Amino acid sequence: MSHMLKFDLSSAEAEIGAPAPDRLISGNPEFRTWNFEEAPGGLYAGIWEATPGKWRIVYDEWEYFHILSGHSIVTEDGGESVHLKAGDSMILRPGFTGTWEVVVTTRKDYVIRL
Numbered sequence: 063m064s065h066m067l068k069f070d071l072s073s074a075e076a077e078i079g080a081p082a083p084d085r086l087i088s089g090n091p092e093f094r095t096w097n098f099e100e101a102p103g104g105l106y107a108g109i110w111e112a113t114p115g116k117w118r119i120v121y122d123e124w125e126y127f128h129i130l131s132g133h134s135i136v137t138e139d140g141g142e143s144v145h146l147k148a149g150d151s152m153i154l155r156p157g158f159t160g161t162w163e164v165v166v167t168t169r170k171d172y173v174i175r176l
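Per my numbering: the sequence shown = residues 63 to 176.
The hints are simulated quantities; they were obtained by calculation from the structure and are not laboratory data. Given the structure is predicted, the values throughout are model-derived calculations rather than measurements. Hints may contain errors.
Stated by the list, open to error - Computed spacing ranges between beta-carbons, pair by pair:
1) L86 - M63: 35 to 45 angstroms
2) D70 - S151: 30 to 40 angstroms
3) E75 - L130: 14 to 24 angstroms
4) F98 - P156: 15 to 25 angstroms
5) I135 - P83: 15 to 25 angstroms
6) S64 - G141: 37 to 47 angstroms
7) T113 - S64: 15 to 25 angstroms
8) E142 - A74: 32 to 42 angstroms
9) S64 - D139: 34 to 44 angstroms
Virtual Cβ for every residue (Gly too), placed ideally from N, Cα, C.
Use the sequences and the hints to build the structure in full.
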């Protein structure tokens, strides 16, 4: 077994999803997720993509992500909006609540720890 893992979209099938209906604010966003790593202790890594729309998000997990393409706006309840474009990185910590709005189809890579 190798101790390296390259994110190769051609070698994996995407899981298709969408926001829960009770969290949807606008649009008809669709998610595609390529989860490349699922390690012991609740660690996940992969690539996620979403089409335009807006929905509520609630985080029990810790997530680091890096925007690969697109434009999204993340807004914490009671806080400022943060515009995210290619090259931007962010950490969302457990307890985060707010909204995610995809303005232009957005793709990110991520590492999540439950």
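Taking 15 to 25 angstroms as the hint, is the beta-carbon distance of T113 and S64 inside that range?
violated (34 angstroms)
Taking 14 to 24 angstroms as the hint, is the beta-carbon distance of E75 and L130 inside that range?
This hint holds: roughly 19 angstroms between Cβ atoms.
37 to 47 angstroms as the expected CB spacing between G141 and S64, which holds or is violated:
holds (41 angstroms)
Can you tell me whether the CB distance of I135 to P83 sits inside 15 to 25 angstroms?
holds (21 angstroms)
Indicate whether the distance between the beta carbons of S64 and D139 respects the range 34 to 44 angstroms.
Hint holds: Cβ distance 42 angstroms, inside 34 to 44 angstroms.
Would you say the C-beta atoms of L86 and M63 sit inside 35 to 45 angstroms of each other?
holds (41 angstroms)
That 32 to 42 angstroms hint for E142 and A74 (C-beta), does it hold up?
holds (35 angstroms)
I want to verify a distance hint. Is the separation of the beta carbons of D70 and S151 within 30 to 40 angstroms?
Violated - the Cβ-Cβ distance for D70 and S151, about 22 angstroms, lies outside 30 to 40 angstroms.
Taking the beta carbons of F98 and P156, is their distance inside 15 to 25 angstroms?
holds (23 angstroms)
Of the hints listed earlier, those the structure fails to meet are numbers 2 and 7, in rising order.
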